[in-house]
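**Student:** One letter stands for each residue in the lines below.
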Amino acid sequence: MSAITLRNVIKRYGAVEVVHGIDLDVEEGEFVVLLGPSGCGKTTTLRMVAGLEDVSDGDLSIGGARVNEVAPKDRGVAMVFQNYALYPHMTVRQNMEFSLKPLSLPADEVARRVDEVASTLGLAELLSRRPAQLSGGQRQRVAMGRAMVRTPDVFLFDEPLSNLDAKLRTQVRLEIAKLHNRLGTTVLYVTHDQVEAMTLADKIVIMRDGHIEQVGTPEQVYSQPNNTFVATFIGSPPMNMIPARVRQGRLEADGLLLSVPDRFKGVLAEDQAVTIGIRPNGLSLAKDVDHNTAPARVEVTEYLGNEALLDLRAGPHELIAEVPALGRPAPGAEVTVHFDPDALHLFDTASGDSLSL
Amino acid sequence: MNKPSTQQAILVYTLLGIALIVFMTPIYLIVSSSVKPSPIMFQRPPAMIFEPTLDHYRDLFAMRPFGKFIANSLIVALGSTVFSVFFGSIAAYAISRIKHKRMNDVAFWILSMRMFPPIAVVVPYYIIFKTVGLLDTPIALIIVYSTANIPLTVWLMKGFFDEVPTALEEAAAVDGHGLISIFWKVTLPLAAPGLAVSAVFCFIFSWNEFLFALMLTGSNAQTAPVAVMSFWSSDAVQWGRIMAGSFVILIPGVVFVLTCQRWLVRGLTMGSVK
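Protein chains in written order, with our numbering: chain A, 89 to 445; chain B, 23 to 296.
Hints are computed from structural coordinates only; laboratory data are not their basis.
Mixed in with the good hints there might be a few duds.
Taking lysine-lysine pairs in the DSBU-like style, the calculated list, with each CA pair at most 35 Å apart, reads [what the hints assert, rightly or not]: (1) K353/A to K375/A; (2) K90/B to K152/B; (3) K291/A to K189/A; (4) K189/A to K207/B; (5) K161/A to K207/B; (6) K123/B to K207/B; (7) K266/A to K255/A; (8) K291/A to K353/A; (9) K161/A to K123/B; (10) K189/A to K90/B; (11) K152/B to K161/A; (12) K207/B to K266/A.
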C-alpha cells in the first residue's frame, strides 16, 4: 500500500489552473523529492497533501484512505515549513509539546518524547529558550523536532534548508538523510535545489508548470532524462543542447557532423529534426580527428580545482566541456572536441521527448 | 544613535517640563481643591499653603451613595470592555483571515457605526430601552457603549491579526490543532498588545462617557461622572465635592491603564518565521 497517492490531482485558483492532473505514488518509507523551478506547483502540491490547500479535483489518499475533505489535523502528517513557523511566545520545549497536545498523552510521556527528540537533534541545552534567542540553524532543528515528536506517518518538508547558509545547509542535509535512515518514515520533500534532491531522494519528481515531467531515481533522472527540460534542469553545468538533423545516417548540425550511435539507429527517420544532448563530462579533448569529433575554440576556462570547465565555440554552437584541470588549454586555443557516443542523448526537437528507448 | 549634546538635552527637558506642566496642572487643581477647606476655596491669589481637609471626601460618600455610583461605573466599563474585546476580536479575526472581495466593505460598514453623532441616537435608545424595560440599568449602558467600542476593537485587532503570520496557524493546524485551539493558543497570545490597547480604549471611553449615562440612567444605574455633576445645581456649585469626586474617578482609569501597560509591548512575533 502506498503511503501517499495522488490521482489526477488538480489545483485551481479561480479560473487559473496551477496543478494539472498529477499522478504520483509515494511508497511506505520512501524519501520522495518534488523538484522544479519556482512556480512549478511543487509547494502547492505539498500543501494539498498537508491539507493547507483544497484539492480542486482528483483524489488524494494517505495510507490508503481518501483525505480530500479531511482536516489537516486528522491526516497524520507533520510538516516542516520553509520559514520554520515556530511559535514565538513559547519556549523550544513548549513549541514541541504543543504539537503533542492534541494527542492527550500523559505528561511524563510528553516529557520523555520531547527530551528524546531534543537530544537526537542536539537541542537539549536550548529547551528553555524562545525562538528569538536561537540561530537560524537551531530554529530549523526545532522545526524538525516539533514535527518528529509526533511520530507521524508522513513527514512533509517545504524547502527546509533554503534559509540556511551553504555550510549549514550541507550539514543539515546530512542530518535529514541520517534521520530518514533511522526513522524510516515516509518523506515528501520540496526543493528547487537539485543537489538536495540528488543527495536525499529515493525518488525524484521533476515538475514544471504544474505537470510532472519525470519520476525516477536520482540516477534515472540524471542519466535517462525523459525530455530536454529534465536534461537541462538536472546537472550542473547543464547538458549541452545542439539542434541537428538526421542526414544519411549521421547527425548534422551547422558545421558539426557526428555519427549516430547504434542504439538510436532504429528510431531515427531521415531528415528528422533532433536535439543532441551531451553533458559537459561527455566532451573531452582529442588528439585525432574522427567521426565523433569537431573543431572548436576555447573562449573561457573556469578552474575548479580538480577539473576545469571550458567554454567552447564550435561553429555557431556554444558548448561547455569538463576536462581535467591539469593540462587544460588556454583561452583562444584551437582544439578538437570528442563527443563520447555512449554519453550522447537524442531528443525529438518538436516534442522535446527523449528518443532513447 | 549619537549621544545627545548638552544643548539638545536642555531643549528636550524644557519641552518635557512644559508638557508636564500643561498636563499636570488640572490634576494638581483637582487634588488641591479637593482637600482645600471651603472658606479659602476662591481666595485670590490661590492659597498654596493651607491645612488640608478630607471633609469633601467624607461629604461625597455621606451625602450620596457615591460608592454605588463608582460600582455602577465599574460594572458598565468593565462589562462593555469585556464584551467588546471578546466579540470585536472574533469579528476582527474573521475579517483578517477570510479572503473575500467584499470583506473590506464589511469592515467599512462596521466602522461606519462610529460615524453618526451620538446625540442623534439618544432619543431612539431612550425609547427602545424604556420599551424593553432596560432603562436605568447597567445593561443598557453596556449595550450602548459596546456599539461604539466593538467597531474600534474590530479595526484595532484586525491590524494586529494581520501581522500574525498565517504560517504559524498552518503549522498548528498540521500539528493537529483545530480552529478554536489555534485562535486561542497561537493567534490571540501573539495579538496580546492589541488586546491591551483595545481594552484601554474601551475602558476609558466607557468610564468617561457622560451623555448616554445622563440620559439613560436614573438613581439606580447612575455612573460616577453623572453623579459628580449632580453637585452642580442651580443653587450652588459644590466645588470641593466635585473635585473630590473627580479625583476618585481618576483612580480606576489610571490603575487599569497601568495594569494593561505590561502587555503594550511590540515585537511579540519576533523569531517566529525566518
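**Student:** None of the hints should be skipped; say for each whether it holds.
**Tutor:** Results for each hint:
For the given pair, K353/A sits about 28 Å from K375/A by alpha-carbon distance, which is consistent with the 35 Å threshold. Between K90/B and K152/B, the direct Cα distance comes to roughly 22 Å. Compliance with the 35 Å bound is thereby established for this hinted pair. A threshold of 35 Å between alpha carbons decides the hint, and for K291/A with K189/A the separation of about 33 Å falls inside it, so the pair holds. Between K189/A and K207/B the alpha-carbon distance is near 11 Å, which keeps this suggested pair within the 35 Å criterion.
Taken as a hint, the K161/A and K207/B pair is honoured in the structure, with Cα atoms around 15 Å apart against an allowance of 35 Å. As the CA atoms of K123/B and K207/B are separated by approximately 28 Å, the hinted pair is consistent with the 35 Å bound. Proximity of K266/A to K255/A is assessed by CA-CA distance (about 17 Å); at most 35 Å being required, the pair is judged to hold. This hinted pair checks out: K291/A and K353/A have alpha carbons roughly 31 Å apart, not beyond 35 Å.
Only pairs whose Cα atoms come within 35 Å are accepted, and K161/A paired with K123/B is accepted, the gap being roughly 28 Å. With a C-alpha separation of about 46 Å, the suggested pair K189/A and K90/B falls outside the 35 Å cut-off, and the hint is violated. Taking the CA atoms of K152/B and K161/A, the gap is near 50 Å; set against the 35 Å cutoff, the hint is violated. Annotation: proposed proximity of K207/B to K266/A holds, straight-line Cα distance about 33 Å (limit 35 Å).
In summary, the numbered hints that this structure violates are 10, 11.
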